[in-house]
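Same order as they appear, the protein sequences are chains A and B.
Heads up: the first sequence at position 234 corresponds to 234 in the working numbering, and the numbers run straight through without jumps.
Heads up: the second sequence at position 204 corresponds to 204 in the working numbering, and the numbers run straight through without jumps.
By construction, these hints were calculated from the structure, which means they are not laboratory data.
Treat each hint with caution, since some may be false.
Listed next, the in silico DMTMM-like pairs over lysine to aspartate or glutamate satisfying Cα-Cα at most 20 Å (straight line) [said to hold, decoys possible]:
1) A:K87 / A:E29
2) A:K87 / A:E139
3) A:K229 / A:E215
4) A:K87 / B:D88
5) B:K203 / B:E267
6) A:K87 / B:E122
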Amino acid sequence: MRRAALTPNPIPSLGLGLRREFLDQVLTELPAVAQWEIAPENWMGRGNLAEYQLDYLRDHYPISSHGLSLSIGSQDPLDEAFLLRLKAFLDRFSINRYSEHLSYCSVGGHLYDLLPIPFTEAAAEHVIARVRRVQEIIERPLVLENISYYASAATELDELSFIKRILQGADCELLLDVNNVYVNSINQGYDPHQFICELPSSRITYGHIAGHHEEAPDLLIDTHGAGVKPAVVELLQLAQQVHGPFAVVLERDFNIPPLGELLNELYELDQQLQPLGEALHGN
Amino acid sequence: MATNKPSPDWRELQQQWAAAIRAPNQGSLPGVEPRRLAVYQRLVFNNIDSFISRGFPVLRQLHNEQQWQQLIYQFMQQHAAQSPLFADIGREFVAFAQQTLPAVWAQLAQYERMEVDALYAEVDYQLLHATNAAAEPVLTANELLDGVQFRVNPSAQLGVFQYPVQQVSAANPQPPAAAEPVCLVVYRELTSQPHWQQHEAVKFMQLTPLTMVLLETLQQANGSTLRAALASLQPYAVGYQPEQLAQALVTVVEGLMQRCVLFLAPE
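Make the full structure from the sequences, and use the hints.
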């Protein structure tokens, strides 16, 4: 049911992925949002205006960062020059939280999109060593997100075992993307409830929620281009019941509606989730 | 669920996936349903295409759908993009274009990229005395020549081309090489009070070769009087007496200050 003219909680527990499409409006109106999540790759090396905008945003909100190009699972060498630059960027804007995708996006050069790491022991070992190195360089925890994927490259391990193996082996945190769990459960044919329940609670630092597109009944695409489906909201509620409350960010990257509409969706979602303690806000 | 198949080599699998995504018409991936592989092929292509199409609108117009698609795939297959930053995809494309496209289009790609580089240039506003030309006190010709130091707008991108790249369009896709070098500057119109609400406009201007040498000289000197720059210019100003050249330059410099291309350096 769609409610009109929602009044947000004084401090909503949900954050929102920041898009340039509505950036000026955000900076002008400063709407109630728990935190903004930015992709560092879209802000680094983007000139003075981006710097002023981010400074201004930082003055008014907590900011989390969610990277796109780390390529943690790639056989290409880890880009340490980039990591040093990234660290300087995160330090410059006092951004503590850096999350990335448990995926790879480069093989002999960048492809600029997220591919599923073959789920093998050897690949897990490779990722674990790289996560440790990244955490050393950026001097922050690396929070890894379970990605959506449309085909498995290898199934020596199942997805859940692969993720748990890395979280434990690298001693790192999980960004639980419940939309990705839902999308994968349909695409790969597994039980999303069981998947969520078997994740290690202590590793879950924050969550993502988003909409997807149904290309076929057995092929969902993680577009971030539509409203969040009720089944996905239910999964998030389940995750918070099982693992305790955690900060959540709503992602919307395509078919971006007017900011007011997006905020209404956020406030509506907010009322369906457990409230967060003050201490858990932002970063 | 884990299976009992022999452990596949994950590096080999990544190579196969990347190859299948970069060259979609060259076969399939064992064990992967074509429609699922097609999702990745589409996502990767569309993402890279959108960055390049937006970054090179003129070049895009000169290609039909099929030609453009072929060019993007060629880029994906032949160029190992090193930068993790999305804003750099265009720079990667320019490097590829130099190896691949006819000279006039390779230079057009360079020119179109200058606009992005000007927009994203990091400017230290502290190094500029005043960013608003109207606020400058009126300086005499002698003061302009000897009394002040000039600095080129730090966002300025200077380009010297064989072809009139700024005139390329769908109606004029491959103009012949120009008789003398085509000198262009693309720069951000810096404002005196930088702020998150100030979207500074990107401007471009065609320059005479002599003015281009002046800007290059001042850029390299990183703050210089006009008099000091004159010496470097004299060899290019055949037929000009030093004082004539100085007078001509004073006029040029006033125009460049008005247009935000040149600034006074702080004293």
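Quick rundown of the hints versus the structure:
1. A:K87 / A:E29: Roughly 30 Å separates the two Cα atoms, so the pair is violated.
2. A:K87 / A:E139: Judged against 20 Å, a Cα distance of about 8 Å means the pair holds.
3. A:K229 / A:E215: At roughly 15 Å apart (the allowed maximum being 20 Å), E215 (chain A) and K229 (chain A) satisfy the hint.
4. A:K87 / B:D88: Given that 20 Å is the threshold and the Cα spacing comes to 19 Å, the pair holds.
5. B:K203 / B:E267: Roughly 27 Å between the alpha carbons, so the hint for K203 (chain B) and E267 (chain B) is violated.
6. A:K87 / B:E122: Roughly 18 Å separates the two Cα atoms, so the pair holds.
In summary, the structure is inconsistent with hints 1 and 5 from the numbered list given earlier, while agreeing with the others.
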